[in-house]
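Engineer: Sequence order for the protein chains is A and U.
The numbering of the first sequence is my numbering, which starts it at 34 and goes up by one.
The numbering of the second sequence is my numbering, which starts it at 51 and goes up by one.
Please note that the accuracy of each hint is not assured.
Stated by the list, open to error - Straight-line Cα separation of at most 25 Å, SDA-like style, residue types lysine to any residue; simulated pairs:
id, chain 1, residue 1, chain 2, residue 2
1, A, 41, U, 127
2, A, 41, U, 181
3, A, 337, A, 237
4, U, 241, U, 218
5, U, 273, A, 78
6, U, 241, A, 163
7, A, 313, A, 225
8, A, 41, A, 91
9, A, 72, U, 278
10, A, 318, A, 334
11, A, 41, U, 156
12, A, 59, U, 157
13, U, 273, U, 250
14, U, 133, U, 181
15, A, 310, A, 266
16, A, 59, A, 69
17, A, 72, U, 129
18, A, 313, A, 362
19, U, 246, A, 114
20, U, 241, U, 195
21, A, 163, A, 73
22, U, 246, A, 56
23, A, 72, U, 178
24, A, 41, U, 133
25, A, 163, A, 190
26, A, 41, U, 180
27, A, 217, A, 237
28, A, 59, U, 250
29, A, 318, A, 351
30, A, 163, A, 270
31, U, 241, A, 119
32, U, 246, U, 195
33, U, 241, A, 114
34, A, 99, A, 74
35, U, 241, A, 116
36, U, 246, A, 78
37, A, 55, A, 78
38, A, 55, U, 143
39, U, 241, A, 334
Hints in this document: simulated from the structure, not taken from any laboratory.
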Amino acid sequence: MNPFTYIKARDASQAVSGIAAKPQTKFLGGGTNLIDLMKMGVETPAQLIDITRLPLTQVEELPGGKGVRIGALARNSDVAEHSLIQQRYPVLSQAFLAGASPQLRNMATVGGNLLQRTRCYYFYDPAFPKCNKRNPGSGCGALEGYNRIHAILGQSDQCIATNPSDMNVALAALDAVVRVQGPKGEREIPIADFHRLPGSTPNIETNLQPDELITAIDLPAIPFAARSHYLKVRDRASYAFAIVSVAAALELGADRKITAARIALGGVAHKPWRAQKAEKELIGKTADEKTFRAAAEAELAAAKGYKHNSFKIELAKRSIVRALSTLTAMAS
Amino acid sequence: MNEDSDGLDPSNMPDIDPAGGLDDLLIFGNPETRRRFLKQMAGTGAAITLGPALMRMGSAQAAGAASTTLGGAPAGTVPVHLKINGTDHALDLDPRVTLLDALRERLQLTGSKKGCDHGQCGACTVLVNGRRINSCLSFAIAHDGDEITTIEGLANGDELHPVQAAFLEHDGFQCGYCTPGQICSAVACIKEGHTKTDDEIREWMSGNLCRCGAYPNIVDAIKDARGKSS
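Turn these sequences into a full structure, and let the hints steer you where they fit.
Structural biologist: What follows is the structure in structure tokens.
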């Protein structure tokens, strides 16, 4: 591991001025991804600013019934078990509990989870020469390599990596807003604009600026999210990254007609994939398997598979149908 | 590294805590021999002939010395106060030293094991302020002032912690390498209340891998211990 200097931030302003003052500085939160990547030689920060003692760990109701705010340094395990999250946004609680292990969830912060790097093998191991994300211009090892876990939606010929987070998928379905603080003050980034598609710059993964600190995640009030569900399909029953995942919420009116729907997919794209085509397809229809299948077909029509991951296209469709069927079974 | 200071003389070896983990007490025939072998190999020229994996298991001090030579001057050490199993320790540590390496290489608390060193196997599980974490993915300097409990701190004198006793009773191990992590994780799992059913135990213990496949007996041990430990 490369040498680095280590400092502890006393407050958010000090953290922000610290990261602006010295290039190649990173914030250290739970460390579960950053320290791993430092051991791999993928991340080589010259300085770490430990932000874990900042008072940003609360989960609290926003005034005026506007939703819930999660402090950026709240641990994944604490948020998963918080009554406000379990009651109003079960999809988010389930997504947390589907991710990693109890030990890692006790360490990982929600701010760090937003910035989790891809688990693409060609990115994670510098022994592979080609990775446009790690070394821009070097090519993509996965395109012609082993690409079973890779993207089927929104990818480019420069990068077919996926975002590995479960939390992000639930946040995308819930229209979360990321609050950040920079040298010029605070701003809000809607979750849909937070992560980027790879395009020609897969090395730039989010629209967070290098000198900005994530301070909180706001969840808007969505009454029907009280009935929501996270389905994770993976190679093991527990403690594995998603091959495909679905975060979904449905609002049903009279005669089981769908009046509102939220669907996001994980494991399929460079960012949590909000399935707006599927949502549009559902509105006004009767909640049954035929409707769900048509919605899934609409969303995956543009999907493109590679040598080892084409199975994900059908798997994603079936996962959408399964997640929506589970939700309607809960409703009846 | 000076061979004389870390050689075969038993008087130079750290004491093995009699209240130590199962590893020290029971599983390996003679842990002192094994540990001394690794230390000696890492501290001498013979280390060159060893594979990189064994080198990593050997000595963080050796690795630190290598990076001083090869990578220029490392960042300076930082004073850290760690409270481990109720005892305060003042250390000067390179910021790169993980909590696991500080425990094993600086404090000779070798009950916590280095398995994958990447947060994937759970062998390094310890309790920090009562919560289980992977000590391999955490820098020691970030734990200034935290209350850390390792496998060495669970027993009460000669009386094993109920989870330790249950692992013995139910044969919850074979080779024993994952056992300190399994036990620390199980202590937290019981405290969290995630042991109501076999399936719940399996899910909430999934961060601790056992290559010997002792899982059924581990589940039995946790079921046995869940009502006995607080």
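Engineer: Hint compliance check: list the failing hint numbers for this structure, sorted ascending.
Structural biologist: Hints 5, 6, 9, 12, 22, 28, 30, 32, 34, 36 and 39 contradicted; others consistent.
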